[in-house]
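Each chain, letter by letter, is given below.
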Amino acid sequence: MRMGTRCREVLLALMLLLGVLPTSSFGAQVHFQSDTLLQVFQRDTATEQDATVLPGYEYLQLDAGALDDYGLAFHFYGWGRADLADSHYFDDSTDGKLLYGYLEYRRPVNRFSVRLGRQYIFEGVANEAVDGLRVSSDLGDYFSLSLYGGLPVALDATQGRSGDSIYGGRLSHHYGTRYEVGLSYKAIANDSDTAEKMIGVDVSAFLPANMSFYGYSAYNSETNGWAEHNYGLRIPLGSVTLKPYFQHFAYQDFFGTGANAIGPFRVLANTDETLTAYGLDALWQVDSAWTLGGKAKLYDYKQKDTAETFSVQLTWQGDKTQFGGEIGRTFADNTAGNDYTLGRLFGYCAAMAGRSWVDFVDADALLAYYDESIYGKDSSLFVSLGTGKHFLDKALTVKISGDYSRDPYFDNDLRGMLTLAYVYDHK
Amino acid sequence: MANKHLFSILALLLTLLSMVACSGLKTSTTFPARHPTAEELTVEPKNCVECHEGGTEIPYQRYVHDADWGRNHRQAAYQGEAICAMCHQTSFCNDCHATDAGLKPSEKNDTEPYRSMPHRGDYLSRHRIDGRIDPTSCIRCHGNPKAAATCVRCHG
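Chains as they are written, first to last, in numbering that gives the first Met the number 0: chain B, 0 to 426; chain F, 0 to 155.
These aren't lab readings, by the way, just hints derived from the structure by calculation. Be aware that one or more of the hints could be misleading.
Some chain F residues close to chain B (C-beta under 10 Å, calculated; not the full set) [unchecked claim]:
| id | residue |
| --- | --- |
| 1 | 44 |
| 2 | 71 |
| 3 | 73 |
| 4 | 74 |
| 5 | 104 |
| 6 | 105 |
| 7 | 117 |
| 8 | 124 |
| 9 | 128 |
| 10 | 131 |
| 11 | 140 |
| 12 | 141 |
| 13 | 146 |
| 14 | 147 |
| 15 | 148 |
DEER-style ranges, computed between Cβ atoms [stated by the list, open to error]:
| id | chain 1 | residue 1 | chain 2 | residue 2 | range |
| --- | --- | --- | --- | --- | --- |
| 16 | F | 29 | B | 269 | 42 to 52 Å |
| 17 | F | 126 | B | 326 | 44 to 54 Å |
| 18 | F | 131 | B | 392 | 41 to 51 Å |
| 19 | B | 351 | F | 55 | 43 to 53 Å |
| 20 | F | 154 | B | 31 | 30 to 40 Å |
| 21 | F | 56 | B | 354 | 35 to 45 Å |
| 22 | B | 390 | F | 29 | 52 to 62 Å |
| 23 | F | 68 | B | 375 | 16 to 26 Å |
| 24 | F | 56 | B | 304 | 17 to 27 Å |
| 25 | F | 91 | B | 419 | 14 to 24 Å |
Positions of the beta carbon are idealized from the N, C-alpha and C atoms, including for glycine.
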């Protein structure tokens with residue numbers, strides 16, 4: 000597993016800290032989860048055609064401390080992969096990742112929270128993994144503030160971590176269930192150069208008749224332009240809910256994020272293109288089980304022509320059974336050189352749990368038709384079947400699934416997967 | 000330059016101290032650390048308003064996990080992370096939102112077709128069209144060099 004030296008140091012420090020803290024600080028709760036996945040499929044590699052690829056994945060999660068209550072807790076989640084058939088298929092890929100590992104202290108008054116270590120920040124303009132510190136708290140009844148700072152995980156492979164930094168925060172004003180307005184900021188540096196600076200405004204307001212208004216805007220202070228506006232309404236009308244929305248993106252400001260930008264999108268930052276989208280989502284809760292939904296979205300551009308997507312979904316959800324279907328049509332001939340129709344059917348049934356030698360079965364099928372063929376094929380078919388059984392009072396679940404795909408990239412592709420999911424809880 | 004750094008550090012310390020001090024002000028908003036689980040309730044707690052009516056602290060209707068929730072939860076989560084954390088650990092979010100989660104979400108959770116997950120089936124073909132219609136939607140999950148490792152193999 001390739002893992003940065005700094006990352007290992009942070010993890011080691013956290014583990015040591017965990018070890019020296021008094022047990023009473025943590026309570027005695029432990030949650031451990033292990034997901035072991037074994038896949039098998041065939042791919043062409045640099046040295047062999049139709050080489051058998053046999054990757055084994057291990058996803059480990061450990062949470063210890065005050066989990067059901069406020070107090071001190073440690074959280075860890077990461078994964079590793081081994082190429083058991085030595086196929087060299089993953090030679091250019093990472094073989095593992097520490098997704099997070101942090102200590103958190105929370106107290107109930109004002110939802111005060113401090114996190115130290117590798118963590119994800121999802122708030123305001125931030126959608127980042129950070130090795131660092133985050134502090135958040137309500138400030139009285141009407142304001143909340145969060146601040147974070149440290150090293151950006153996403154840039155640790157881009158010229159090392161020297162000179163890298165990330166900091167930001169969000170200040171919000173809220174009035175119970177009436178409204179919330181937030182102002183957020185994020186600054187990222189790579190190798191001492193500015194990689195990204197964004198300012199965000201987010202708002203949600205709860206209107207009469209259960210209607211709500213929500214949205215956000217992001218301003219790129221490096222390119223000095225609005226990157227994004229995204230606003231919508233939620234209108235409940237009895238058993239029907241309508242969600243009209245509006246989006247606007249300026250590519251120069253949205254994709255112009257310096258070292259944080261990546262290959263396929265970096266070129267878009269050099270265009271003067273804008274995208275304005277108008278959409279409507281509708282959901283009809285027919286009864287306690289049936290739901291009918293529809294989506295329509297129109298894309299309008301400054302330079303390109305327009306595109307449209309439409310879809311209808313129907314689902315049935317029972318106590319232990321769920322099935323549904325979806326059909327949609329995308330018109331993008333003038334913007335992407337192709338139109339396509341997509342249909343999907345899925346089902347999941349756990350009604351036989353305890354009465355059969357399996358506890359659940361599931362099926363999923365997708366069929367896409369392309370108006371213009373892709374690599375000589377005008378359709379894609381994907382079928383997945385799976386089943387599983389619980390053991391040890393549901394602490395261990397064994398799942399087996401098989402996927403078949405016939406599409407523009409694969410003639411007849413088969414993939415099998417065995418999953419062992421183990422959960423241990425100590426309270 | 001040294002003065003600028005000193006000022007930044009002092010400003011940060013002052014803000015943190017203010018936060019700690021202000022966080023001592025008691026408010027009426029106190030959430031439970033953890034919401035009862037499906038096993039404890041004997042029902043999946045997806046429809047908040049089945050049990051919670053009215054209230055003055057949490058707009059429960061906003062967090063109802065209806066059929067659209069998988070595609071529309073972003074802002075509710077970004078404004079109400081503490082509410083999400085009552086039921087979900089970050090590992091749940093990491094199925095889709097991570098710097099590198101190893102497997103695509105629908106592949107890792109192959110036996111859960113009822114969950115709304117992006118890129119089901121042969122998305123390699125469809126992404127040629129979807130990506131040109133709205134490349135901004137890719138950025139939400141593939142918007143940095145680590146998270147874009149799968150894109151870079153072909154796109155450089």
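Hint by hint, here is what the structure shows:
The interface hint given for residue 44 (chain F) is violated, since its Cβ lies 14 Å from the closest Cβ of chain B, which is over the 10 Å cut-off. With 10 Å as the threshold, the beta carbon of residue 71 (chain F) comes within range of chain B, its nearest partner Cβ sitting at about 7 Å, so the hint holds. A hinted interface residue such as residue 73 (chain F) counts as satisfied when its beta carbon comes closer than 10 Å to some beta carbon of chain B; here the least separation is about 9 Å, so the hint holds. Among the interface hints, the one on residue 74 (chain F) holds; its C-beta lies about 5 Å from the nearest C-beta in chain B, closer than the 10 Å criterion.
Against a cut-off of 10 Å between C-beta atoms, the interface hint on residue 104 (chain F) is violated, since the closest Cβ of chain B lies about 13 Å away. Satisfaction of the interface hint for residue 105 (chain F) is found here, the shortest Cβ-Cβ separation to chain B being roughly 8 Å, below the 10 Å cut-off. The beta carbon of residue 117 (chain F) is not positioned within 10 Å of any beta carbon in chain B (closest approach about 13 Å), and the interface hint is therefore violated. The restraint placing residue 124 (chain F) at the interface with chain B holds, with a minimum CB-CB distance near 5 Å, inside the 10 Å limit.
Because the smallest distance between the Cβ of residue 128 (chain F) and any Cβ of chain B comes to about 4 Å, under 10 Å, the interface hint for this residue holds. For the restraint placing residue 131 (chain F) at the interface with chain B, the shortest Cβ-Cβ distance is roughly 4 Å, inside the 10 Å limit, so the hint holds. About 8 Å separates the beta-carbon of residue 140 (chain F) from the nearest beta-carbon of chain B, less than 10 Å, and the hint is met. Given the 10 Å rule on beta carbons, the hint for residue 141 (chain F) holds: about 7 Å separates it from the nearest Cβ of chain B.
Among the interface hints, the one on residue 146 (chain F) holds; its C-beta lies about 7 Å from the nearest C-beta in chain B, closer than the 10 Å criterion. Contact between residue 147 (chain F) and chain B, as hinted, is supported at the beta carbon level, the nearest pair being about 4 Å apart and thus within 10 Å. For residue 148 (chain F), the interface hint holds, the least distance from its beta-carbon to any beta-carbon of chain B being 7 Å, beneath 10 Å. Roughly 50 Å separates the CB atoms of residue 29 (chain F) and residue 269 (chain B), a value that falls within the hinted 42 to 52 Å.
Restraint check, residue 126 (chain F) to residue 326 (chain B): a C-beta distance of roughly 20 Å breaks the suggested window 44 to 54 Å. Restraint check, residue 131 (chain F) to residue 392 (chain B): a C-beta distance of roughly 50 Å satisfies the suggested window 41 to 51 Å. The hinted range of 43 to 53 Å is satisfied by residue 351 (chain B) and residue 55 (chain F), whose Cβ atoms lie roughly 44 Å apart. About 38 Å separates the C-beta atoms of residue 154 (chain F) and residue 31 (chain B), a value consistent with the hinted range of 30 to 40 Å.
Checking the proposed 35 to 45 Å range against residue 56 (chain F) and residue 354 (chain B) shows it holds: the Cβ atoms sit about 43 Å from each other. Between residue 390 (chain B) and residue 29 (chain F) the Cβ separation comes to about 39 Å, which falls outside the hinted range of 52 to 62 Å. Between residue 68 (chain F) and residue 375 (chain B) the beta carbons are some 39 Å apart, a value that contradicts the proposed interval 16 to 26 Å. Taking the beta carbon of each, residue 56 (chain F) and residue 304 (chain B) are about 47 Å apart, not inside 17 to 27 Å as hinted.
A hinted range of 14 to 24 Å for the beta carbons of residue 91 (chain F) and residue 419 (chain B) is consistent with their spacing of about 19 Å.
The structure does not agree with the numbered hints 1, 5, 7, 17, 22, 23, 24 stated previously, though it agrees with the rest.
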